[in-house]
Structures are given as C-alpha cells and as structure tokens.
Amino acid sequence: MTPLIPLLSLQSVSRRFGSFQAVKDVTIEFGPDDLNCIIGPNGAGKSTLLNMICGTLPVSSGSIRFGDHDLNRLSRHQIAALGIARKFQVPSVFPSLTVHENLVVATGNRETQERLFALAKTVQLESMLDVSASELSHGQTQWLEIGMALATNPKVLLLDEPTAGLSPDETQATASFLRELRGKVTVVVIEHDMAFVRDIRAKTVVLHYGEIIATGAFDDIQNNDLVRDVYLGRR
Amino acid sequence: MIDFAQTLSRRIARRPSTLVAIAVSLVLLVLPAFVNAYALSSYRDVILFAIFALSLDVFWGKTGILSFGHATFFGLGAYGMAVTGIHFDIDPSIVSLVGLLAGVGLAALVALLVGYFILFGGVRGAYFTIVTLALTLIANHIAVGWSSVTGGDSGLIGVPPLVIFGLSFVDPFRSYYLCLAVLLAFLFGSIAIMNGRFGLILTAIQDDETKAQTLGYRTSLLLLVTFVASASMAGLAGALYAAMNGFVAPDMIALLLSTEVIIWVAVGGSGTLIGAIIGTFVVWWLQQEISSFNASAWPIAIGSFFIALVLFFPNGPVALVSEKLRRFRQKEGGQQ
Numbered sequence: 001m002t003p004l005i006p007l008l009s010l011q012s013v014s015r016r017f018g019s020f021q022a023v024k025d026v027t028i029e030f031g032p033d034d035l036n037c038i039i040g041p042n043g044a045g046k047s048t049l050l051n052m053i054c055g056t057l058p059v060s061s062g063s064i065r066f067g068d069h070d071l072n073r074l075s076r077h078q079i080a081a082l083g084i085a086r087k088f089q090v091p092s093v094f095p096s097l098t099v100h101e102n103l104v105v106a107t108g109n110r111e112t113q114e115r116l117f118a119l120a121k122t123v124q125l126e127s128m129l130d131v132s133a134s135e136l137s138h139g140q141t142q143w144l145e146i147g148m149a150l151a152t153n154p155k156v157l158l159l160d161e162p163t164a165g166l167s168p169d170e171t172q173a174t175a176s177f178l179r180e181l182r183g184k185v186t187v188v189v190i191e192h193d194m195a196f197v198r199d200i201r202a203k204t205v206v207l208h209y210g211e212i213i214a215t216g217a218f219d220d221i222q223n224n225d226l227v228r229d230v231y232l233g234r235r
Numbered sequence: 236m237i238d239f240a241q242t243l244s245r246r247i248a249r250r251p252s253t254l255v256a257i258a259v260s261l262v263l264l265v266l267p268a269f270v271n272a273y274a275l276s277s278y279r280d281v282i283l284f285a286i287f288a289l290s291l292d293v294f295w296g297k298t299g300i301l302s303f304g305h306a307t308f309f310g311l312g313a314y315g316m317a318v319t320g321i322h323f324d325i326d327p328s329i330v331s332l333v334g335l336l337a338g339v340g341l342a343a344l345v346a347l348l349v350g351y352f353i354l355f356g357g358v359r360g361a362y363f364t365i366v367t368l369a370l371t372l373i374a375n376h377i378a379v380g381w382s383s384v385t386g387g388d389s390g391l392i393g394v395p396p397l398v399i400f401g402l403s404f405v406d407p408f409r410s411y412y413l414c415l416a417v418l419l420a421f422l423f424g425s426i427a428i429m430n431g432r433f434g435l436i437l438t439a440i441q442d443d444e445t446k447a448q449t450l451g452y453r454t455s456l457l458l459l460v461t462f463v464a465s466a467s468m469a470g471l472a473g474a475l476y477a478a479m480n481g482f483v484a485p486d487m488i489a490l491l492l493s494t495e496v497i498i499w500v501a502v503g504g505s506g507t508l509i510g511a512i513i514g515t516f517v518v519w520w521l522q523q524e525i526s527s528f529n530a531s532a533w534p535i536a537i538g539s540f541f542i543a544l545v546l547f548f549p550n551g552p553v554a555l556v557s558e559k560l561r562r563f564r565q566k567e568g569g570q571q
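Residue numbers (this note's numbering), protein chains in the order written: chain A, 1 to 235; chain B, 236 to 571.
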C-alpha cells in the first residue's frame with residue numbers, strides 16, 4: 001500500500017509508555033482520498049496511532065508528515081487547522097450544546113445555515129437540530145461527532161471505531177456513508193467489526209502489539225495466515 | 236421593524252435569563268425614585284460589587300474554571316486608582332481618568348501575566364483555583380507590607396472623587412446612574428457575547444477542551460482572553476469603588492472578598508450572568524437583615540445558606556427557574 005503521492009505519511013513511528021512499547025516502528029502512507037482501515041486486537045496500538053497523528057500524544061521517535069508539514073512540531077489546534085479531523089473512540093461531542101450548536105462550533109466561521117442543515121442531513125440529524133446533544137442516543141452521538149468532523153472540511157478524516165455500539169442498521173448506514181466519502185477525502189478508520197471492514201472495501205493495515213503485521217486489500221488480509229492466527233488467538 | 240421585534244421576542248423567549256436581566260435593569264433604573272441619598276450610596280456600592288460578581292461569572296460561569304483570587308483584580312483596580320490619585324501629582328481634571336486606566340490596566344496586566352503562564356501551562360480545575368488563591372494571598376501581603384505606597388493595614392484615605400471630562404460624580408444620584416450604566420453595559424455586552432459564537436466556544440471548551448482543540452481552537456488563548464477581560468471588569472469595579480468611597484484598604488484585596496464573590500455568584504447561579512447580580516443583591520440584603528439582629532450571626536448564616544444552596548439548588552435559583560421554563564416550553568411544544 002504505497003501511493004505515489006502520500007498525503008499523510010508515518011515514518012518509523014514509535015510510542016513508549018515507560019517500558020511498554022505501544023507502537024513500534026510503524027511506517028504507513030495514506031494517499032489523497034483513500035479509504036483506509038486499521039485493524040487489530042485490543043491493545044494493538046491503533047488508537048495510540050491516531051492520537052499521535054492528531055497531536056493528542058507526542059511520538060517517542062519517528063516522524064509524521066502531512067504534505068509538507070511535520071506534524072511532530074505542531075500542536076493539536078494547528079494540526080486540526082491543516083485539515084485533519086478526528087472522531088474519538090468514546091463519542092465526544094459537547095453535551096451542553098444542541099446538535100445545531102455543536103455543528104456551529106465545529107464549523108468555526110466557515111459555513112452558512114444551509115450548509116449546516118445539509119451537514120445535519122448527511123448525518124441524519126436534521127430533525128434534531130434543537131435537541132441537546134446530551135439527549136441523543138449513542139448512535140446519534142456517534143453520527144453527530146462524524147458530522148462535526150466533516151464540518152471542518154477535512155482533508156483527512158480519522159475515525160476511531162465509528163460503529164462501536166451501533167445497531168446493525170446504523171452500522172450498515174455508516175458503511176454506506178464511508179463508501180460515499182471515497183474519492184472525496186482521505187479516511188482512516190479504526191475498526192474491530194470485520195464484516196464492516198469487508199463492507200467498506202478499504203485498504204487495510206493490521207497492527208499487532210504495536211507492529212504492522214500485514215497490509216493490503218481486505219480480501220488478501222483475511223486470507224493471511226498470520227492475521228488469522230492473531231485474530232484466532234493462536235499467536 | 237415588526238420583523239425585528241419578532242426576532243427579539245423569539246430570542247428572549249429562548250433565553251429566559253435575558254428576560255430576567257431586563258426586569259432587573261428596570262427595577263434598578265427606577266430605584267432612585269424610592270430611596271433616600273444615603274440608601275442610594277449603599278445601592279451604588281452593591282452595584283459595584285455586582286459588577287465584580289459579574290466579572291467572576293464571565294470567567295467561572297462560562298469556562299467552568301473557578302478563580303479563587305478575583306479579589307486580587309478588584310483590589311488592584313482600587314489600589315491603582317488610589318495610588319495614582321494620592322501619590323502622583325496629576326492634573327485634577329484628568330486624575331480620575333488616569334486612575335481608572337491605571338487600575339484597570341494593572342488588573343489586566345497581572346491577569347495577563349499570571350493567566351499566560353498558568354493557562355498556557357495547562358493548569359486547569361482545582362490547580363487553577365489554588366494558584367489564584369495563592370495570588371490573592373501574595374497580593375494581600377504586598378498591600379499590607381508595602382506601606383509607603385499602599386498605606387499598609389490602614390490603607391489609603393483621600394482618593395480624589397470621580398471627575399470625568401469635567402463632570403463630577405460626587406452626587407449620589409449621578410454616581411448611582413454611572414455605576415448602573417457600567418453594570419448594564421457589561422451585563423448586556425456579556426449576554427450578547429456569551430449567547431453568540433464566542434460563548435458557544437467557551438461552553439464547548441468547558442465540556443471537552445481536548446475535543447475543542449481537535450476542532451482547531453486555541454483553547455488556552457481563548458481562556459486567557461476571557462480571564463483578562465474578566466479581570467479588567469473586576470479592576471474597573473474596584474477603581475470606581477475606591478473613587479466613590481474615597482479610600483482603599485487591604486480588605487479589598489483579601490481572601491474573604493474572594494470567597495464572598497464566589498458566594499454571590501453561586502447564590503444567583505454561575506453561568507447565568509444576571510444571576511451574579513441578583514446573588515449580590517440577595518446576599519447583601521440578607522447581610523443587612525441578619526446583622527441588624529446580631530452582627531456575629533452573619534458568618535454562620537452565610538455558611539448555612541451556602542450549604543443549603545449547594546444541596547438544594549446546586550446551579551442557583553435563576554438556573555432552576557430557567558430550567559423549569561425550558562422544560563415547560565418543551566412540554567408545550569410536544570403537546571402542539
């Protein structure tokens with residue numbers, strides 16, 4: 001998986017917490033408008049990887065580049081301003097604000113009311129604009145957060161387990177939504193649900209104990225013996 | 236015109252605290268018609284304390300970060316005014332204006348310096364509260380210890396009365412309306428700002444600062460701007476208080492005042508803005524009533540009152556009424 005002109009590239013990235021090596025010497029390149037998926041068992045280092053990309057955690061070694069920018073040198077808000085948006089593993093919206101206000105905050109000064117309504121419609125919350133975000137269901141909160149990430153007009157969208165806690169119908173809707181994003185924005189999804197990963201037909205990276213053990217199309221990945229061993233717990 | 240009126244009424248209906256703010260403003264505007272000059276001077280001082288309480292609510296109520304050192308900024312404003320007026324030989328026609336600038340500037344500068352290091356240093360929550368508490372202790376020690384400038388324990392007497400552009404504010408009626416004008420300007424200015432995009436962003440930061448950062452906001456800078464604005468408001472209240480009462484004392488830069496202002500805001504409900512003003516008047520009225528029976532009963536009464544508030548109305552009475560109104564409207568909307 002090596003696109004000709006990577007938009008986002010990680011070179012030999014490692015992250016240690018004391019003596020524990022959460023991410024080890026990871027090198028990945030994400031091309032413009034690619035749909036990518038990072039999979040791996042719990043504790044594989046997937047969320048740590050996203051945390052380092054969006055500046056929530058500093059890297060211990062290695063470099064992360066976005067176009068000409070060295071993300072290691074930038075703070076969270078600067079990384080966001082470059083066009084890297086993030087949906088957290090635990091749904092993270094502003095519960096004191098309404099759905100509309102959450103989207104307004106996410107857009108900064110960029111969007112008109114029409115565009116906000118269109119965004120709300122994209123995430124199927126157009127009829128709930130005046131509802132407090134604290135009153136949304138888990139699935140609606142996940143979608144609102146995705147809507148907020150999209151509201152920033154991102155070049156890269158990082159989604160940490162977007163289907164966690166969703167019903168089968170909501171999961172299917174999320175898959176279809178992500179497929180629609182292909183070709184419009186670079187998407188990096190962390191996911192556990194293999195059916196979902198198969199469904200979105202993304203380029204896939206498999207992490208295990210912080211290391212990349214396989215990359216490629218999902219069909220190749222699912223036939224990879226090493227990956228099967230890891231997922232079946234034989235390794 | 237009709238459209239404007241409709242838009243205004245819709246906005247007011249959405250924010251009941253704005254309606255309460257208008258009602259309180261009207262009461263304060265007509266108050267001088269019903270009280271004598273002495274009482275009016277007392278109400279003027281309460282209005283200055285209400286500005287001080289509002290300044291705390293702008294920061295604490297809207298960012299969720301409690302400053303336990305806000306009396307520092309009130310006191311700096313007061314001492315800035317007093318020291319400028321007493322120790323410097325400034326033309327009497329401009330001494331008040333220079334004093335106001337010195338007081339507000341001093342409060343803003345200290346807030347900027349302290350705020351920069353602690354907010355950009357990532358100090359939040361209880362740690363911020365402790366640092367600001369320490370700030371008041373330090374400021375109080377300086378006010379008491381640097382007696383050649385501050386007058387020490389006795390403070391400074393003889394602060395020149397307020398004269399701005401040749402207009403004297405010695406008359407209680409005039410000084411009352413000046414303070415009220417400042418209060419209403421700050422109140423409605425704060426309501427407008429906090430109900431707008433900036434207020435939304437501060438609420439978002441209060442909810443989840445990391446999330447706000449990942450949406451591209453420089454949260455430390457926004458918090459610093461709010462902190463300095465809040466300190467400047469407190470400084471102006473202190474400067475006006477010193478000029479209108481003619482003295483400053485270390486009490487104005489002490490921990491007790493920092494605690495009292497928290498109680499005023501908590502009584503009215505933090506984050507409501509108008510609640511800070513109502514809280515100041517309610518606590519002041521209670522203090523007058525209780526002290527008239529027994530002067531030493533007041534500290535026990537205020538402590539018990541505060542505990543009762545925390546237990547039964549943790550967000551304050553104004554927030555309780557706002558919440559009831561919101562639920563009522565939601566219920567009505569649901570029935571329609």
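Calculated directly from the structure, the hints in this document are not laboratory data.
All of these numbers come straight from a predicted model, not from anything done at the bench.
Beta carbons are placed, not taken as given, at the ideal position from N, Cα and C, and that holds for glycine.
One or more hints might be untrue.
[To be verified] For lysine to aspartate or glutamate, the following EDC-like pairs were computed, each having C-alpha atoms within a straight-line distance of at most 20 Å:
no., chain 1, residue 1, chain 2, residue 2
1, B, 559, A, 135
2, A, 155, A, 169
3, A, 184, A, 33
4, B, 566, A, 225
5, A, 203, A, 193
6, A, 121, A, 101
7, A, 24, A, 211
8, A, 184, A, 199
9, B, 566, A, 135
10, B, 559, A, 130
11, A, 203, A, 169
12, A, 121, A, 193
[Unchecked claim] Quick list of the computed label-pair ranges, beta carbon to beta carbon:
no., chain 1, residue 1, chain 2, residue 2, range
13, A, 90, B, 534, 56 to 62 Å
14, A, 124, B, 369, 56 to 62 Å
15, B, 355, A, 18, 49 to 55 Å
16, B, 491, A, 124, 51 to 57 Å
17, A, 135, B, 522, 39 to 45 Å
18, A, 135, B, 545, 23 to 29 Å
19, B, 517, A, 117, 39 to 45 Å
20, B, 336, A, 90, 47 to 53 Å
[As the list claims (entries may be wrong)] Among chain A residues calculated to face chain B with C-beta under 8 Å, some are:
no., residue
21, 54
22, 77
23, 80
24, 104
25, 105
26, 121
Results for each hint:
Between residue 559/B and residue 135/A, the direct Cα distance comes to roughly 17 Å. Compliance with the 20 Å bound is thereby established for this hinted pair. Between the alpha carbons of residue 155/A and residue 169/A the distance comes to roughly 28 Å, so the proposed pair goes past 20 Å and is violated. With a C-alpha separation of about 5 Å, the suggested pairing of residue 184/A with residue 33/A holds against the 20 Å cut-off. A threshold of 20 Å between alpha carbons decides the hint, and for residue 566/B with residue 225/A the separation of about 59 Å lies outside it, so the pair is violated.
Between residue 203/A and residue 193/A, the direct Cα distance comes to roughly 15 Å. Compliance with the 20 Å bound is thereby established for this hinted pair. Straight-line distance between C-alpha atoms of residue 121/A and residue 101/A comes to about 15 Å, which keeps the hinted pair within the 20 Å bound. Between residue 24/A and residue 211/A the alpha-carbon distance is near 5 Å, which keeps this suggested pair within the 20 Å criterion. As the CA atoms of residue 184/A and residue 199/A are separated by approximately 18 Å, the hinted pair is consistent with the 20 Å bound.
A threshold of 20 Å between alpha carbons decides the hint, and for residue 566/B with residue 135/A the separation of about 15 Å falls inside it, so the pair holds. With a CA separation close to 17 Å, the supplied pair residue 559/B and residue 130/A stays within the 20 Å bound. At most 20 Å may separate the alpha-carbon atoms for a hinted pair to count; residue 203/A and residue 169/A exceed this at roughly 23 Å. For the hint pairing residue 121/A with residue 193/A, the CA-to-CA distance comes to about 26 Å; that exceeds 20 Å, so the pair is violated.
Range check, residue 90/A to residue 534/B: Cβ separation about 44 Å, and the 56 to 62 Å hint is violated. In this structure, residue 124/A and residue 369/B break the distance hint of 56 to 62 Å, their C-beta atoms being roughly 50 Å apart. For the pair residue 355/B and residue 18/A, the beta carbons lie near 27 Å from each other, so the given range of 49 to 55 Å is not met. In this structure the supplied range 51 to 57 Å holds for residue 491/B paired with residue 124/A, their Cβ-Cβ distance being about 54 Å.
For the pair residue 135/A and residue 522/B, the supplied restraint of 39 to 45 Å holds, since their beta-carbon distance comes to about 40 Å. Remark: the range hint 23 to 29 Å for residue 135/A to residue 545/B is upheld by a beta-carbon distance near 26 Å. Distance hint check: the CB atoms of residue 517/B and residue 117/A are about 43 Å apart, consistent with the given range 39 to 45 Å. At about 48 Å, the beta-carbon gap between residue 336/B and residue 90/A stays in the expected band of 47 to 53 Å.
Contact between residue 54/A and chain B, as hinted, is supported at the beta carbon level, the nearest pair being about 6 Å apart and thus within 8 Å. Against a cut-off of 8 Å between C-beta atoms, the interface hint on residue 77/A holds, since the closest Cβ of chain B lies about 5 Å away. Among the interface hints, the one on residue 80/A holds; its C-beta lies about 4 Å from the nearest C-beta in chain B, closer than the 8 Å criterion. Proximity of residue 104/A to chain B holds as hinted, the smallest CB-CB distance being about 6 Å (cut-off 8 Å).
Residue-level restraint check for residue 105/A holds (minimum Cβ-Cβ distance to chain B is 5 Å; threshold 8 Å). Interface restraint check: residue 121/A against chain B, minimum CB-CB distance 20 Å, threshold 8 Å, status violated.
The earlier numbered hints that this structure contradicts are 2, 4, 11, 12, 13, 14, 15 and 26.
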